[in-house]
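With these hints in hand, go ahead and build the complete structure from the sequences.
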Amino acid sequence: MKVVALPEYCLGCGLCEIYCAAQHDGWNGNVLKAFKKGKPVNRSQLMGSSQWCWLNTCMHCTDAPCVNGCISGAMQRDPDGTVYVDTERCVGCFTCVMLCPYGHVRPWQEKHQVIKCDLCRDQKGIPACVANCPNGALQLLVEEVDAG
Amino acid sequence: MRYVIIGSCIAAMGAVEGIRSIDKKGLITIIDGEQRGAYTRPLISYFLAKPYKFKDIRYRSPEFLAANGVEVINAMAEQINRTDKQVVLNDGQIIPYDHLLIATGAYPVMPDIAGIEKSWIKTFYTQADAESLNALLAEGQEAVIIGSGLIGMKAAEALWQRGLKVSIVEKDAYMLPRVLSSGSAVILNSLINGAGINIRCAEELTAVLPDHQLEFASGMKLHADLLILALGTRPRSELAVACGIKVNKGIVVNNYLQTSDENIFAAGDVIETRNILTGENEIMALLPQAHKEGFLAGCNMAGHKIAYTGGIFQNSVNIMGVSICSAGSLSDAAYTSLIWKQDEKYLELFLDGSYLYKYTAINLPELSGPLTAAIERRIMIEETAWRTFMAAPSLSTIPPAYWHKIGDIPRANTWNQ
Amino acid sequence: MARSIMTPAFKIERDEDRCIQCGVCVRQCANDVHHQDEDGWMWVDDEKCVACQRCAVLCPTRALSIKEYPIDFRSNQHWTSPTIREIYAQAESGGVLLTGMGNPRSYKNFFDHLLLNASQVTNPSIDPLREPMELTTYLGNKSQNGSEGEKPQLELDIPIMFSAMSFGSVSINVQKSLAAAARELGTFWNTGEGGLHSDLLGYGKGAIVQIASGRFGVHPDYLENSAAIEIKIGQGAKPGIGGHLPGEKVSQEVSRARMIPAWSDAISPAPHHDIYSIEDLAQLIETLKVATRYRKPIAVKVAAVHNISAIASGVVRAGADILVIDGFRGGTGAAPMRIRDNVGIPIEMALAQVDSRLRDEGIRSQASLVVTGGIRNSADVLKSIALGADAVYIATAALLALGCHMCQMCFTGKCNWGIATTRADLTKRLNPIIGSRHAINLLTAWSHEIKEMMGGMGINAVESLRGNRLMLRGIGLTREELDLLGVKPAGE
Ligand SMILES: Cc1cc2nc3c(=O)[nH]c(=O)nc-3n(C[C@H](O)[C@H](O)[C@H](O)COP(=O)(O)OP(=O)(O)OC[C@H]3O[C@@H](n4cnc5c(N)ncnc54)[C@H](O)[C@@H]3O)c2cc1C
Ligand code: SF4
Ligand code: SF4
Chain A
1 MKVVALPEYC
11 LGCGLCEIYC
21 AAQHDGWNGN
31 VLKAFKKGKP
41 VNRSQLMGSS
51 QWCWLNTCMH
61 CTDAPCVNGC
71 ISGAMQRDPD
81 GTVYVDTERC
91 VGCFTCVMLC
101 PYGHVRPWQE
111 KHQVIKCDLC
121 RDQKGIPACV
131 ANCPNGALQL
141 LVEEVDAG
Chain B
1001 MRYVIIGSCI
1011 AAMGAVEGIR
1021 SIDKKGLITI
1031 IDGEQRGAYT
1041 RPLISYFLAK
1051 PYKFKDIRYR
1061 SPEFLAANGV
1071 EVINAMAEQI
1081 NRTDKQVVLN
1091 DGQIIPYDHL
1101 LIATGAYPVM
1111 PDIAGIEKSW
1121 IKTFYTQADA
1131 ESLNALLAEG
1141 QEAVIIGSGL
1151 IGMKAAEALW
1161 QRGLKVSIVE
1171 KDAYMLPRVL
1181 SSGSAVILNS
1191 LINGAGINIR
1201 CAEELTAVLP
1211 DHQLEFASGM
1221 KLHADLLILA
1231 LGTRPRSELA
1241 VACGIKVNKG
1251 IVVNNYLQTS
1261 DENIFAAGDV
1271 IETRNILTGE
1281 NEIMALLPQA
1291 HKEGFLAGCN
1301 MAGHKIAYTG
1311 GIFQNSVNIM
1321 GVSICSAGSL
1331 SDAAYTSLIW
1341 KQDEKYLELF
1351 LDGSYLYKYT
1361 AINLPELSGP
1371 LTAAIERRIM
1381 IEETAWRTFM
1391 AAPSLSTIPP
1401 AYWHKIGDIP
1411 RANTWNQ
Chain C
2001 MARSIMTPAF
2011 KIERDEDRCI
2021 QCGVCVRQCA
2031 NDVHHQDEDG
2041 WMWVDDEKCV
2051 ACQRCAVLCP
2061 TRALSIKEYP
2071 IDFRSNQHWT
2081 SPTIREIYAQ
2091 AESGGVLLTG
2101 MGNPRSYKNF
2111 FDHLLLNASQ
2121 VTNPSIDPLR
2131 EPMELTTYLG
2141 NKSQNGSEGE
2151 KPQLELDIPI
2161 MFSAMSFGSV
2171 SINVQKSLAA
2181 AARELGTFWN
2191 TGEGGLHSDL
2201 LGYGKGAIVQ
2211 IASGRFGVHP
2221 DYLENSAAIE
2231 IKIGQGAKPG
2241 IGGHLPGEKV
2251 SQEVSRARMI
2261 PAWSDAISPA
2271 PHHDIYSIED
2281 LAQLIETLKV
2291 ATRYRKPIAV
2301 KVAAVHNISA
2311 IASGVVRAGA
2321 DILVIDGFRG
2331 GTGAAPMRIR
2341 DNVGIPIEMA
2351 LAQVDSRLRD
2361 EGIRSQASLV
2371 VTGGIRNSAD
2381 VLKSIALGAD
2391 AVYIATAALL
2401 ALGCHMCQMC
2411 FTGKCNWGIA
2421 TTRADLTKRL
2431 NPIIGSRHAI
2441 NLLTAWSHEI
2451 KEMMGGMGIN
2461 AVESLRGNRL
2471 MLRGIGLTRE
2481 ELDLLGVKPA
2491 GE
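Chains as they are written, first to last, in our numbering: chain A, 1 to 148; chain B, 1001 to 1417; chain C, 2001 to 2492.
Hint data in this document are derived by calculation from the structure and do not stem from the laboratory. In this text, all values refer to a predicted model and were calculated from it rather than measured experimentally. Glycine included, C-beta positions come from ideal geometry on N, C-alpha and C. Take the hints with a grain of salt, since some may be wrong.
Said to hold, decoys possible - What follows is a list of derived Cβ distance ranges for each label pair:
| id | chain 1 | residue 1 | chain 2 | residue 2 | range |
| --- | --- | --- | --- | --- | --- |
| 1 | B | 1027 | A | 131 | 42 to 52 Å |
| 2 | A | 110 | B | 1279 | 52 to 62 Å |
| 3 | B | 1280 | A | 39 | 41 to 51 Å |
Unchecked claim - No more than 20 Å apart at the CA atoms, straight line, and that leaves these computed lysine to aspartate or glutamate pairs for DMTMM-like:
| id | chain 1 | residue 1 | chain 2 | residue 2 |
| --- | --- | --- | --- | --- |
| 4 | A | 36 | C | 2224 |
| 5 | B | 1405 | A | 63 |
| 6 | C | 2205 | C | 2224 |
| 7 | A | 36 | C | 2016 |
| 8 | A | 33 | C | 2015 |
| 9 | A | 36 | C | 2045 |
| 10 | B | 1050 | A | 86 |
| 11 | B | 1050 | A | 88 |
| 12 | C | 2067 | C | 2045 |
| 13 | B | 1053 | A | 110 |
| 14 | B | 1345 | A | 110 |
| 15 | A | 39 | C | 2045 |
What follows is the structure, encoded as structure tokens:
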């Protein structure tokens, strides 16, 4: 499963980032509260210019270089195929950052760890970015999970 | 099918994952000479810096091994008997195998200097090393680290965090010589010196004198309460040598990670890996590589032929809050070097025509992923595009050609006729 | 330049308790109304706001609302606020007032004065969920004269088509949305006078291609790759005048589709310079029929003007297979405001008159009648059919379905909804997958409603409703208006 971005319809409005941030770290999707009371951090990031932009989403690679290369075992794939970071274990060496060809995993400077898309695995339903894209520029692609 | 793996760290875990991705039933036995389970070597410096926090530096949990039906034997492998396809252990056990993986890793290199066997002189390679250093050190002591490679730098940082006065001595003209260039080294040198670690380059340790005195080739003398040797690693290949498989700098393997004996595979720090950029076989003691090789060796052992084309040097490390990412390597050819600098950030690219061969990024880890892939996947991008990128490097300014060629971003079916 | 003598037209209210300074409004406004300074403070420039509501719709915390600027002129029935503001605008600019979309004035709306019939007891109504309802409509010349055999017809699954909106006046994604929707719905879309974009070649067979006075993008393949050809003489929003697509909108792509130099003004002359009489028109129609080997119906589109019935009679006699009449509420991408608001007549009147005239002259079967210009809902569609139309075209309603918020600023080319623009960064705001789905949804909903209303009247085929003015009653109309419309007053 992964979120696919379609640059030809991406507005660069940034709602994906906003809803992503508010979906994590216990804010439960409450945008107003998250941004008024805290400094929520988005997982996926918008890239490009206003002419050509897209949300840099995680491909949740089957043979994920970040998982394979993680020096601590923090970067993992859950049984659904979602690649996520175990924040208990990440030491912030950024090896995974260096190994992701999409530039998706990125440093989370405040925490000395990394941050990436987890497909909102802590909640039910479709990821917040997909649910809140006003132009269908983000689509959830569900495919067979490789048994291995 | 009976699989036996000698060694129980990164390459070994990769192999378990590889085998199990294909063969769910075959018997897997791991021979763990270190008897520490599957822990991750790079985290020993984190343990040393914060022992209370990093007590557990396991790479894969015992549950992982149990779930994958792996039997672990805590013993050293002493001999490989190729004719009978058996491994002889130091406790006398004999373990038969159908396919064997040698994942014995490496040894730290020891200098040939008299008087080096002292209780205050240590290597920094195993969990045991880190534990004994932890027991030994005291705040305020003077520590000298020989070698400014990644291991030396991480050891230095850990000791500095524990309140020791730390000096690093490097034989080469500048620090981290495998990773940095003369230009990037200057930046890093000042950042790290500024943070309080003393770095001396172009100095070679020649003798250990009484009273904790160290003598260097230039005549310089230093006092050290603790001396750490971080001179690099050499493959732990004696088992292979003894049983007559082909060993060069490291164990020689083919594209399927098979040694000269088709039933014996090898992976990780113990083998020599083909450098994609130069075509040369080299020792690449890198964790991601070890995992990948282990994984592919596992697949091949289980009968699924997957070729391993080689790797590139790649490393990401944080030292004293400075992030250093680098990948690729250079041969003797003439390269175009493009440099971008701003405050404490630095990026240097080495190009040959339309190909990137190496980069060094200081405090710019977010750019390292695409740059590494551009090197590893040999992505052709015009030099002019790289120059445009270097005017203001960011993820958003990565040459568009990169995104097009990386290709496997699935573009869902959009509007069509 | 001195400070303007006008207050802004709109006022943007930002609820500071809700604004999270996310900047979505800043990034979405093509009119540069919103601005975020270095300290993160949000600012608005009310003057530039056109009330397109893009920011308010996208704001994640609903912090924005847009109101008419809360200031009233001393009340005056003659010198109303818009009148005064228009004078200010012209005093400051010295120019013709430009506008977009259709006539917004409060002229009498005859659709709203017509009521539909329903069956009770004597002729039972029909339940469209249980019994078949036929909406299929054929457009073309249905008279069989002698040896010529059957004339080419357009077959419509619903009597509603998408009206002409040229690529250039609207974005390519509008055309993609409508073209795909038309195919799905079994109806037709219209290229407008801007030629056919290469991305839409595959949708040519579902298109009515237009030939207007500028002759943009007309070539043999364009005529060939179509369902029908429409000669555009006039447009309801601006009868009597031509078109002017400003050079800024003539992007490379527009230039390719129109076959004119990029960034040059695309001028459609007021008349076709080869049509000064019905005979000239007949010649063009015949030329097109020959060119397409009599396989395609030829339509002629005229604006509803004073003597429309005589014009219609002439057009049908000139050989048009479909006559399209565009009423004075018809929309446009750009028109001089005075013309839009003061020229032409209501479509209801024009339709009733033309239908009667053609019947009286015995030529009604020679051409189908399509009306357009202000059709707002399925009831308007049904009333049009009962007044005598074969089918209707919708344009504004379709654009609303695609997201248009009626700010009427189409002519600026800065449409924040990606509709009336050719700017790539704005065009992509309309995802044609969503656009076509909305258009399909709209017409699907309308066809349900049409079937329901027809069923209520005890009619099971749209054929039987056509020109059936007994199904209509007027309310609040004068005797004269009733006579012109050919309907009886309510109660009679
Ligand atoms: C301090 C430190 C920091 C590092 N930091 C990084 C980093 O940041 N990034 C990076 O990419 N790499 C780093 N490395 C390198 C990385 O740890 C190695 O590349 C990786 O551990 C290699 O894995 P391996 O499985 O090949 O070998 P090893 O991890 O060396 O495992 C081999 C195992 O086999 C056992 N063994 C050997 N012989 C026998 C025998 N005869 N019988 C039974 N068991 C035997 C050994 O005891 C050992 O436990 C670092 C290394 C160190 C020491
Ligand atoms: S973070 Fe990058 S490497 Fe890891 S799974 Fe996602 S896309 Fe793949
Ligand atoms: S930064 Fe964290 S998740 Fe990434 S490789 Fe290092 S330890 Fe693993």
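Now for the hints, and whether the structure bears them out:
1. B/1027 with A/131: 42 to 52 Å: Taking Cβ atoms as reference, residue 1027 of chain B and residue 131 of chain A lie about 47 Å apart, which means the hint holds.
2. A/110 with B/1279: 52 to 62 Å: violated, 43 Å
3. B/1280 with A/39: 41 to 51 Å: holds, 49 Å
4. A/36 with C/2224: violated, 60 Å
5. B/1405 with A/63: holds, 19 Å
6. C/2205 with C/2224: holds, 9 Å
7. A/36 with C/2016: Within the cut-off at roughly 11 Å; holds.
8. A/33 with C/2015: Within the cut-off at roughly 15 Å; holds.
9. A/36 with C/2045: The given pair, whose Cα atoms are some 25 Å apart, is violated under the 20 Å limit.
10. B/1050 with A/86: holds, 19 Å
11. B/1050 with A/88: Holds - the C-alpha atoms of residue 88 of chain A and residue 1050 of chain B are around 15 Å apart, at most 20 Å.
12. C/2067 with C/2045: Given that 20 Å is the threshold and the Cα spacing comes to 14 Å, the pair holds.
13. B/1053 with A/110: Distance of about 18 Å is within 20 Å: holds.
14. B/1345 with A/110: holds, 18 Å
15. A/39 with C/2045: violated, 28 Å
Of the hints listed earlier, those the structure fails to meet are numbers 2, 4, 9, 15, in rising order.
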